[in-house]
Amino acid sequence: MTPLLQVRNVSKRYGSRIGCAEVSFDLYPGEVMGIVGESGSGKSTLLNCLAGKLTPDGGQVVFDTRMDGPVDTLTMSEPQRRMLGRTDWAFVHQHARDGLRMGVSAGGNIGERLMAVGERHYGRIRGQATDWLDRVEIDQARIDDRPEAFSGGMQQRLQIARNLVTGPRLAFMDEPTGGLDVSVQARLLDLLRGLVREMGLSALIVTHDLAVVRLLADRLMVMKDGRVVEAGLTDQVLDDPQHAYTQLLVSSVLQA
Amino acid sequence: MNAYNFAYLDEQTKRMIRRAILKGLAVPGYQVPFASREMPMPYGWGTGGVQVSAAILTPEDRFKVIDQGADDTTNAVSIRKFFERTAGVAVTERTIEASVIQTRHRIPETPLREDQILVYQVPIPEPLRFLEPRETETRKMHSLQEYGLMHVKLYEDISRHGAIATSYAYPVKVAGRYVMDPSPIPKFDNPKLESDAIQLFGAGREQRIYAVPPHTRVVSLDFEDHPFDPTKADHSCDLCGADDSYLDEVIMDDAGGRMFVCSDADYCRDRREAGQSGAKAGALS
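Chains as they are written, first to last, in my numbering: chain S, 6 to 261; chain Z, 733 to 1017.
Derived by calculation from the structure, the hints in this document are not laboratory data. A quick note: this is a predicted structure, and the numbers were derived from the prediction, not measured. Glycine included, C-beta positions come from ideal geometry on N, C-alpha and C. Just so you know, not all the hints are guaranteed correct.
[Unchecked claim] With the C-beta cut set under 8 angstroms, the calculated list includes, among others, these residues of chain S facing chain Z: (1) GLY112; (2) GLY113; (3) MET120; (4) GLY128; (5) ILE130; (6) GLY132.
[What the hints assert, rightly or not] Dumping the calculated SDA-like pairs for lysine to any residue here, alpha-carbon to alpha-carbon at most 20 angstroms: (7) Z:LYS885 / S:GLY108; (8) S:LYS58 / S:GLY35; (9) S:LYS58 / Z:GLU869; (10) Z:LYS885 / S:ARG106; (11) Z:LYS746 / Z:GLU816; (12) Z:LYS905 / S:GLY108; (13) S:LYS58 / Z:THR868; (14) Z:LYS872 / S:ARG129; (15) S:LYS58 / Z:GLU981.
Make the full structure from the sequences, and use the hints.
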């Protein structure tokens, strides 16, 4: 099977500081990969490099496109990359405000990607928006409300709906549950797990919350100081950590 | 009169503006940056249109200025006087006699000819401005033809009002490429953007010039199930009886009396001189 995403030696420096260094991994279709590490370990830098929001200093990010097979996204033209960004890729920000248009209704937020890829039928856009609100468990009656009027958890679910409406194959998620209280987190994780399974979506999830990866991720990468210090199956890494830093990380979690 | 160069601006400035105009005509709908000059009138009074007119006027031209369709409003009178004094060109109030027409908020009802130029005053040239505040991003969206956001605005209109409620400055796509703000003309005028005349757009404060060459395809954006509809007041002109022109509603008294009259004053006068009359033709005499 061809990996959906092949990452080879991706590095990013901020002047003399290291953002992330020589990261390589493969992500297969339907697989969910967690990236954990403390603040400043380069998780978000890595994610932004892979999603085309930052330009890495070196390396390859090969994505298996629908049309042309595996293509290095770093050397493809900007229009192509931006096209991928609104069709086959999804990007879920930690803060829903960064990923939503706060001045536009929920329906408009979900419809934006559809209109960006050429949908010009109001009724169909409306239908899809209603359908997606339902799938992320937001009351359909709120389709014309602005996200400003939504709670934090609803905003986050709306952001997910807005991203998944074009049926992407790869989702980048940056701390999707950050800043939400635990019961809302649990509901969101449940939703995400369902959507990932149902749509056969591959995902890269950056988080510092080990419970999130335990629940969602098939595989895990542990980062420290911009480098991957340990990688493997989630249960394996969490239950039998080999690297000193991973051991520290796992032992830092309070056992409820 | 001798204290000024012909049409106020110096020749170097006019050359610079003409280069921007030619580039605009070569790339229909593209906003060409230009070094806008201070003009002896405030921003918002048509400094962009005035600079474009100054750059294209020749001594043989006959100049007409309209503001909301009328020749006798403050803005129109002062700009017409400005060019009478600084360029000494002939002026007219008749659309068919004019070779250069500067306009604010309207396109004349009388179809324009190939030997005429229509100059628009534009307040905000960027159609995506209120959707995307970053200029760097709107430029990128234009260059990559990412115009989905424009439809998000129309979607919001329909979801809130049941129909596309944008009634002026209605976005258009020019020659199948650039999305353009046609300046705040009523959407009733949008079909007239496909014209035999050259159309030039000048935004002084925003320092942009763009153009629609003659016989260029100009499509108003819409949805398949909510097609573009160039609406006007459902009435005919009370003075000349025209039912095909854009109308102004005029309040006559404080008892609910009102009348509808053509916004294009020259069109209305022409019709009345030709013997047409409307329901309240005697009211203003």
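Results for each hint:
1. GLY112: This interface hint holds because 6 angstroms falls under the 8 angstroms limit.
2. GLY113: holds (5 angstroms)
3. MET120: This interface hint holds because 4 angstroms falls under the 8 angstroms limit.
4. GLY128: holds (5 angstroms)
5. ILE130: Holds, about 7 angstroms.
6. GLY132: Status violated, d = 11 angstroms.
7. Z:LYS885 / S:GLY108: holds (10 angstroms)
8. S:LYS58 / S:GLY35: violated (23 angstroms)
9. S:LYS58 / Z:GLU869: holds (14 angstroms)
10. Z:LYS885 / S:ARG106: holds (12 angstroms)
11. Z:LYS746 / Z:GLU816: At roughly 18 angstroms apart (the allowed maximum being 20 angstroms), Z:GLU816 and Z:LYS746 satisfy the hint.
12. Z:LYS905 / S:GLY108: The hint is violated at about 24 angstroms.
13. S:LYS58 / Z:THR868: holds (15 angstroms)
14. Z:LYS872 / S:ARG129: Violated, because 28 angstroms separates the two Cα atoms, which is more than 20 angstroms.
15. S:LYS58 / Z:GLU981: violated (52 angstroms)
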